[in-house]
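Quick note, the sequences are listed as chains A and B, same order. Note that my numbering numbers the first sequence so that position 40 is 40, with each residue one more than the last. So the mapping is simple: my numbering equals the position in the second sequence, first residue as 1, plus 1000.
Since the hints were derived computationally from the structure, they do not count as laboratory data. Certain hints may be false.
[What the hints assert, rightly or not] Capping the alpha-carbon separation at 25 Å, the derived lysine-lysine pairs in DSS-like fashion look like this: (1) A:K49 to B:K1041; (2) B:K1019 to B:K1036; (3) B:K1036 to A:K49; (4) B:K1052 to B:K1019.
[Unchecked claim] Anything over 10 Å on all C-beta distances counts as not near chain B; from chain A, calculated: (5) V13; (6) E15; (7) V19; (8) A53; (9) T55; (10) L56; (11) E71; (12) H82.
We put the CB at the ideal spot given by N, CA and C, even for glycine.
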Amino acid sequence: AQSVTQLGSHVSVSEGALVLLRCNYSSSVPPYLFWYVQYPNQGLQLLLKYTSAATLVKGINGFEAEFKKSETSFHLTKPSAHMSDAAEYFCAVSDNGGATNKLIFGTGTLLAVQP
Amino acid sequence: ETGVTQTPRHLVMGMTNKKSLKCEQHLGHNAMYWYKQSAKKPLELMFVYNFKEQTENNSVPSRFSPECPNSSHLFLHLHTLQPEDSALYLCASSQGSWPVIVYEQYFGPGTRLTVT
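Okay, chain A solo, but in the shape it has when bound (with noise of 0.2 Å):
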């Protein structure tokens, strides 16, 4: 069965800093991964996705996120933070095989930026 593990519920960093949130999954057939995003009292954001073609995903906001299937990682990261990247990110692996089109979330990882 496919699971999606991110390491790290809370990370904080400086604005201007890089920031690398990590995400590793789990999956007996190729996977498409995708990361989320969600702001205080909102719904989930689609970040940017993986499908099998590019192993290097470009987002929206300057997030970007690649695909390593010898380390099964896709990690999301940024080059430079600001303060309106604070928010909660979710990883999600989906459940190809399965009898319906569901994803597989991660616990979350609640990213702080300081100024």
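Keeping the supplied structure of chain A fixed, place chain B upon it in accordance with the hints.
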């Protein structure tokens, strides 16, 4: 209206009440989902509908009853809830297909439910 909308945004109900949550998607999708988001717990998938047919019920208690009258609307009927059911309930939609192909899901803003 654009995207996925949910009403109401906030709901307080007693354990003996009956209420309904509404979700509407304006994206032309054919699959819709209900999720429960509780503090300090992973996002829990509750129900999936694909072309109006329920394709997933993730062992949800019967006090939650979904309804999908068409591909644009999804309801969650609530009755005799428990305090532990207090959570943010999120609706999502995606393209649907048979056989299943994975598409990204688009989320509504959620309904914050408090059961007293």
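Going through the hints against the structure:
1. A:K49 to B:K1041: holds, 23 Å
2. B:K1019 to B:K1036: holds, 16 Å
3. B:K1036 to A:K49: holds, 22 Å
4. B:K1052 to B:K1019: Given pair B:K1052, B:K1019 holds - Cα atoms ~22 Å apart, limit 25 Å.
5. V13: Non-interface label stands for A:V13: nearest chain B Cβ at 22 Å, farther than 10 Å.
6. E15: holds, 27 Å
7. V19: holds, 21 Å
8. A53: holds, 13 Å
9. T55: Nearest chain B Cβ is 18 Å from A:T55, so the label holds.
10. L56: Label holds. Min Cβ-Cβ 18 Å, cutoff 10 Å.
11. E71: holds, 22 Å
12. H82: holds, 22 Å
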